[in-house]
Amino acid sequence: MILFVSSYAEPAIDVRQVLASRVPDDEAQELASATVLTPMRRTLITLLALGDSHAKAAAALGVGPGNVHNWVVALGRALHCPSRQPAIVNAAYRDASFPLPRRDDRPVPDLDPDEWRLLLAYGRGRFLREISTEERLSLLVLRQVDRRLTEKVGASCRGNIVRRAWQLGRLARVPDYSAAPSLPRR
Numbered sequence: 003m004i005l006f007v008s009s010y011a012e013p014a015i016d017v018r019q020v021l022a023s024r025v026p027d028d029e030a031q032e033l034a035s036a037t038v039l040t041p042m043r044r045t046l047i048t049l050l051a052l053g054d055s056h057a058k059a060a061a062a063l064g065v066g067p068g069n070v071h072n073w074v075v076a077l078g079r080a081l082h083c084p085s086r087q088p089a090i091v092n093a094a095y096r097d098a099s100f101p102l103p104r105r106d107d108r109p110v111p112d113l114d115p116d117e118w119r120l121l122l123a124y125g126r127g128r129f130l131r132e133i134s135t136e137e138r139l140s141l142l143v144l145r146q147v148d149r150r151l152t153e154k155v156g157a158s159c160r161g162n163i164v165r166r167a168w169q170l171g172r173l174a175r176v177p178d179y180s181a182a183p184s185l186p187r188r
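Letter by letter, the sequence shown follows residues 3 to 188 of our numbering.
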């Protein structure tokens, strides 16, 4: 469950207008009508997932870059993840109340084990230097894996890698087994 965290009022925005031509109309409509978080924060998560920098997202939202930075930090707390773009995008998409991006019909690329590890590390908000230490791999090798992964999923940056992985079905929500019927008892 995503909590609402805010210390000041956010300006009202039209989610569909900000995301026009950036995402499919039905995805923008779902984001506009969702009840999780605020419209501003849902839009910010989507802009980060599309690969926008803080400055570009601030311009699209009509606010200052400092506001975007503060909202990213607050989103990290609300989503219980590091305040890094890929982690915030992944945590939002994992939550059942947040609208998922539209599925991409293109063939799903096969990822090698190194690319999988890197994708999952990005989803946890890890930097290449941290991954290098954890996995005991050189930064040069990790940068090569990063280039391959970026190319395979057709992404522009790490936040966009996570969105593309969700669109391609490489990442998915964990099923809610609490709603499943219980097994018969003996």
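Bear in mind the hints are in silico, worked out from the structure with no lab data behind them. One or more hints might be untrue.
Calculated cross-link-like contacts (lysine to any residue; reagent style SDA-like; alpha-carbon spacing at most 20 Å) [as the list claims (entries may be wrong)]:
1. Lys-58 <-> Ala-36
2. Lys-58 <-> Arg-108
3. Lys-154 <-> Val-143
4. Lys-58 <-> Val-17
5. Lys-154 <-> Val-75
6. Lys-58 <-> Cys-159
7. Lys-58 <-> Glu-117
8. Lys-58 <-> Val-75
9. Lys-58 <-> Pro-41
10. Lys-154 <-> Val-74
11. Lys-58 <-> Arg-119
12. Lys-58 <-> Leu-130
13. Lys-154 <-> Leu-130
14. Lys-154 <-> Arg-104
15. Lys-58 <-> Thr-37
16. Lys-154 <-> Arg-119
17. Lys-154 <-> Arg-138
18. Lys-154 <-> Ala-174
19. Lys-58 <-> Ser-158
20. Lys-154 <-> Asp-114
21. Lys-154 <-> Asp-97
22. Lys-154 <-> Arg-108
23. Lys-58 <-> Val-74
24. Lys-58 <-> Gln-19
25. Lys-154 <-> Ser-99
On a predicted model such as this, the values are computed, not experimentally measured, just so you know.
Evaluation of the provided hints:
| no. | hint | in the structure |
| --- | --- | --- |
| 1 | Lys-58 <-> Ala-36 | violated (24 Å) |
| 2 | Lys-58 <-> Arg-108 | violated (28 Å) |
| 3 | Lys-154 <-> Val-143 | holds (17 Å) |
| 4 | Lys-58 <-> Val-17 | holds (16 Å) |
| 5 | Lys-154 <-> Val-75 | violated (30 Å) |
| 6 | Lys-58 <-> Cys-159 | holds (14 Å) |
| 7 | Lys-58 <-> Glu-117 | violated (28 Å) |
| 8 | Lys-58 <-> Val-75 | holds (17 Å) |
| 9 | Lys-58 <-> Pro-41 | holds (18 Å) |
| 10 | Lys-154 <-> Val-74 | violated (27 Å) |
| 11 | Lys-58 <-> Arg-119 | violated (29 Å) |
| 12 | Lys-58 <-> Leu-130 | violated (23 Å) |
| 13 | Lys-154 <-> Leu-130 | holds (18 Å) |
| 14 | Lys-154 <-> Arg-104 | holds (18 Å) |
| 15 | Lys-58 <-> Thr-37 | violated (25 Å) |
| 16 | Lys-154 <-> Arg-119 | holds (15 Å) |
| 17 | Lys-154 <-> Arg-138 | violated (24 Å) |
| 18 | Lys-154 <-> Ala-174 | holds (18 Å) |
| 19 | Lys-58 <-> Ser-158 | holds (14 Å) |
| 20 | Lys-154 <-> Asp-114 | holds (11 Å) |
| 21 | Lys-154 <-> Asp-97 | violated (25 Å) |
| 22 | Lys-154 <-> Arg-108 | holds (11 Å) |
| 23 | Lys-58 <-> Val-74 | holds (14 Å) |
| 24 | Lys-58 <-> Gln-19 | holds (16 Å) |
| 25 | Lys-154 <-> Ser-99 | violated (29 Å) |
Against the hints set out earlier in the document, violations occur for numbers 1, 2, 5, 7, 10, 11, 12, 15, 17, 21, 25.
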